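Asks: Sequence:
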Amino acid sequence: MAAIVNEATSERKVVTVLKADISGSTPLGERLDPEELRVVLGSYFTALAREIHRRGGIVDKYVGDAVIAIFGVPESRDDDAARAVVAGVAMQEAIERENIELQRRYGVQLACRIGIATGAVVAGAIAEDVQDTYTVVGAPVALAEALESAASLGSVLVSPATRTAARSAIRFAPVEQVRPKGSPRRVPAHRVLGLRHATRELVNVARGMTTGASLQVGAERSNVLAEERKVVTVLFADISSSEPLGASLDPARLRTVLGAYFGVLARAIQHYGGTVDKYIGDAVMAVFGAPVSHEDDGVRAIRAALAIQRAAQSLNTTLEKTHRIKIAIRIGINTGEVVAGLLPGEVLAYTVTGDAVNTAQRIESAAPPDGVLISESTFALARSAFVVEAVPPLTLKGKSEPVAVYRVLGPERRASPRGGPKIVGRETELAQLYAYYREAIAGRGQLVHVHGEAGVGKTRLIGELLSGLPRGTARVRARASSYEQATPYALIAELVRRMLGIGPTDDEATARAALDRAPDLAASGEAGVTLLLELLGYEVRSPLDPAGKRRLIVSLLRDALRRRTDITPLVLVIEDLHWRDASSADVLGAVISAVPPLRCMFVSTSREPTDIAWSAQVMALDALPSAAAAELVDRLTPVPLDAATRAVILERTAGNPFFIEEVVRSMRPGKELTVPATVQDLLEARLDALDASPRHVAHGAAVIGRTFWTRVLARVTPDEDLDPALGTLEREHFVLRVQVAEPTYSFGHALVQEVAYRTQLIAHRRRAHVAVGDAYTDLFGERIDEFIDTLAFHYRRGDDDPKAVRWLARAGHRAQRLYANPEALDYFRGAIERSTADPAARADAYEAVGDVHRVTGRYDEALVAYGEAMAIHAASDVVAHARVQRKTGLVQQLRGKANEALATFDDVLARLPPDATSERVRVRLNTADLQFRNGKADVAIAQLREALADAERIDDSDAMAEALKQLGTIYGYKGEFGQALAYQERSLQAYVRLGDVLGEANVHNNIGRTERRRSRLAAALTAYDEALAIRQRIGDQLGRVHSHGNIAEIHFLRGELAEAEYHYNAVMELATSIGYAFGASAGLVGLGATKVARGDANAGIAQLRQAITEFERAGQRTYIVEALRDLTDGYIATGSSLALAAAERGVALARELALPELIAIALQALGSARLAARDTPGAVEALEEARGALARGEDRHEIGRTLGLLARAYARLPATDERRTQAGPLRDEARVIFEELGAALDLRRLAP
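Just so we're aligned: 809 in the numbering used here is position 809 of the sequence shown, and the numbers increase by one with no gaps anywhere.
Quick caveat, the hints were computed from the structure, so don't treat them as lab data.
Because the structure is a prediction, the values reported are computed rather than measured.
Incorrect hints may have been included.
[To be verified] The calculated DSBU-like cross-link candidates involving lysine-lysine, where the alpha carbons are at most 30 angstroms apart (straight line), are:
1) Lys326 <-> Lys181
2) Lys13 <-> Lys321
3) Lys181 <-> Lys397
4) Lys936 <-> Lys897
5) Lys326 <-> Lys13
6) Lys13 <-> Lys181
7) Lys321 <-> Lys181
8) Lys399 <-> Lys181
Take the sequences, apply the hints, and build the full model.
Replies: Quick look at the structure:
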């Protein structure tokens, strides 16, 4: 397509040009996904276009966030200027209407500047293959742009000619003058104040006329034109001159100059596979990578830019001679993600939308004349192909941060990329290549073909081979180019350049000089030189016919090989033969047939073994083995990666060295790993090369996942014939067949799947995810529990909120049952996000979040979540509100605020309706636990029995298990161990039936406590260990506090004080981290007692006193008695008189609590204190009462302690007292008990 103003279809005419630029979209583009931005701008553009069309204008083009409209083409009207101004006013009003929705959705508004200019332009068709497509070139275009740029937000500025033509209908006011681009003169400007009468009724009587926006891609397949997300490279080129061309040229000469100029632009862009998106006055916007991607679009765009500059220099020679003018072109290039496709609405145009477009245009505006500036993202795609220099970062309009840019100095003259990490994992292949080389230098020429997928390391392997060759071996290395496949002899020309040592930008004189220095190539005299110069693209022509030229090229190259290898061994490398042009492939085959008798090794590379038509040693290059891939990752990272990140990189890159290097290079601290643009370019190109059916199937499969069942894929892509499509994808190495019973495929690379997924519009993905979820539910309904997480994944990413909420909640509860707490929170939060239209489901999700936080000890977060749930339930569901309120009481209880918790439970009971039996049961359970902890065991037992009866009546298994557990705990404290174990065993069985792992752990813990009370320390430790193992596995922080405390107690009793202290410290650390006040206080008791036992009594006393204070504050009176016994021991160890007071306080509290076991413990402490005070009768009295209290229970440990103390007391009695004779037997009995229990600490304390 010749992109010039066609003289047959263009003319000089007076038109009115309107340019409107939407302000605020660039910063909005930094916030929004390109797809969201396209929707927003699409809505605005539709509104603006509607007003333009109503007044008889046409939309000439969209440029980023701007629109250019023409009034007066293809037909002129007397009131075109007035129509344009009325349209401008109406467009500002349309912007205000659109802002209402934008403010609601994003909290921002956009504004519009409009400039309007009237004057003579050259108008006509730019693209010959798109009919009825008008654009205009001339001074009014530049003036409209200057007026728009100078306008304040929300205003319309017009030129003097527009004001003159429209002043009878419009009111204006003068403003500051403006200067059009390239003009030394300033021009008056006028601001629109309003309409004089009903001018706004001017409308277009020719509805349905063809719009002015061009469709550059009419010949493309329809599926390629569909909207999709792509990474593209955008090029803007514009003339930089001292004055507009139209000011110095008459219409005929202007048409000639513009035709030549646009021809220069279009030929270079199209040669390198770009698409001319639009012409904007004397500027052009081109896109590389849309509608069809190439794996080197960034390189193509820069090569096109350099070709434009070279052609412009040549054009200037002609323009100076014929028109006495010169043009300078500045070019800006940027790469980024866009949404590409046909615009919705009335304008038939394929274009790209996204921040990348605006950035490219603004980089161009900062480029110097005759210069090419590229962004950081474009540089990343082409770093090895060009020589660049960094320039100071640019501060661009609408950008929050300076933008890094580079100036392109020229192409890299090396045939292949330089540098890179040392090759790994290719020792075998490299050794084989050197073996072929040794054969070649011995006069047995070798033909070798290396093939493998893109990025597998063919180029790096060849580079390693060449760098290791001995001195005296000649090397020639050339490669085919993707954009030269249709250019005859392009690869042979590149080979000749490499043999001559010249570059593509060198002039003819340089090439002739190089040929003079290479007589082996110029052996055929001037005929050969002429043909080679023609082959290299210079303006010389050989008189030979095509067949004659082929024969001479083959002869020249074969002779050159023979001559060079006579002098020195030669390694000749041709890379990327999959991009060869047909003429070069034919010549190359004929040339290398001369290699076998020569000291020459010819190496070719490509992606398939079938890319060569000659016999050769074929070497397949596969992905790196896992160990080598891991070594490469380690070499590329300056500091070692954490294991998880390293594993993700290896899994996603599947041993492909290029993928590994690019993924590692793109890593940024704190950022999620994404597909690098270099990799996305390559993979998008492969996807775009597919036909519609396999491409659509690849998209559907990518939504399903890395591995997918064909049964599911068939439901997602019902209109496709899967077998041939999957066959194509398998042959092209996109997918692999997985050998399992269910027909299954897997993407060969995780990155392939990711790119196939990312290129789809978000809206399309969301629909596809729902289709995947529906397929699973339809196909596997009887096994649906196996796929709960899969369904949650897909529906969460779909556009069906009710299904998303349902399956996210189910997955959350499943994770909660398995105590996968982070996963549960993620699922429940997803349900909250998707349940805005379902308040009940939203409240349930908040409640579930609170439950998880409560179990993991994050009490503040739990209360916040419960508060959200209660707020939703307040007006609609009394029982649900009460349930959540009860859970806030549980949090209060866990934080040691017993009175607040009890008040909350009482309030819940008062609010519950009579028929809410299940919830009433749970309130009683929670209240009973509080009552027991507050020393009211009989009250707690009565409530629990009542709750158990109600739970059995309504068959509430959860409540029954909990009631049984609590009853076992209380009977254990009462010393009725048989009853306690009976309840605990029933409770454990109930939790096992329910599958409640946390309940199991809690009962194991309670059984351990009962066994400890029965003095069965080994059995107790076994139960405690089982409980701790479960709690650690499920992340039950609260339960871990209890388990560590109980295990510490066993070690303490055994005299294993170091182990006891370790576990008590664990109690303190965990309890403090989750804000568990009771746990922290219990830990302090244990640490204090341990310090007393280890001889650091003063430190122990301080901790015990602090713990008792905390218990009192929290209303945990039951636990104070044992703490007072330990405190008594501390005071005795220091000889303090406070021991007696502490013991007496303990006895008083225990009698108040009426718990026999605690009464015995307190009396035991009192006896010990009286012994220390030399009050033998008082000690005997207390200890005999303790002995009597313990006789009714099974706590042998406490019996042994009491007997040991009583033996000491009896030994102090007068000789006349018969009880003195019992001292020895009592001591012996105590010793037997302690030895049976392994209570080493008590044995040491036992007096001889």
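Asks: Could you run down the list of hints and mark each one as holding or not?
Replies: Here's how the hints hold up against the structure:
For the hint pairing Lys326 with Lys181, the CA-to-CA distance comes to about 16 angstroms; that is within 30 angstroms, so the pair holds. Taking the CA atoms of Lys13 and Lys321, the gap is about 28 angstroms. The hint holds against a cut of 30 angstroms. Among the hinted pairs, Lys181 with Lys397 is consistent with the structure: their alpha-carbon atoms are about 17 angstroms apart, no more than 30 angstroms. For the proposed pair Lys936 and Lys897, the alpha carbon gap of about 17 angstroms is at most 30 angstroms, so the pair holds.
The suggested pairing of Lys326 with Lys13 holds, with an alpha-carbon distance near 25 angstroms, which does not exceed 30 angstroms. About 21 angstroms separates the Cα atoms of Lys13 and Lys181, which keeps this hinted pair within 30 angstroms; it holds. Taken as a hint, the Lys321 and Lys181 pair is honoured in the structure, with Cα atoms around 25 angstroms apart against an allowance of 30 angstroms. Taking the CA atoms of Lys399 and Lys181, the gap is about 23 angstroms. The hint holds against a cut of 30 angstroms.
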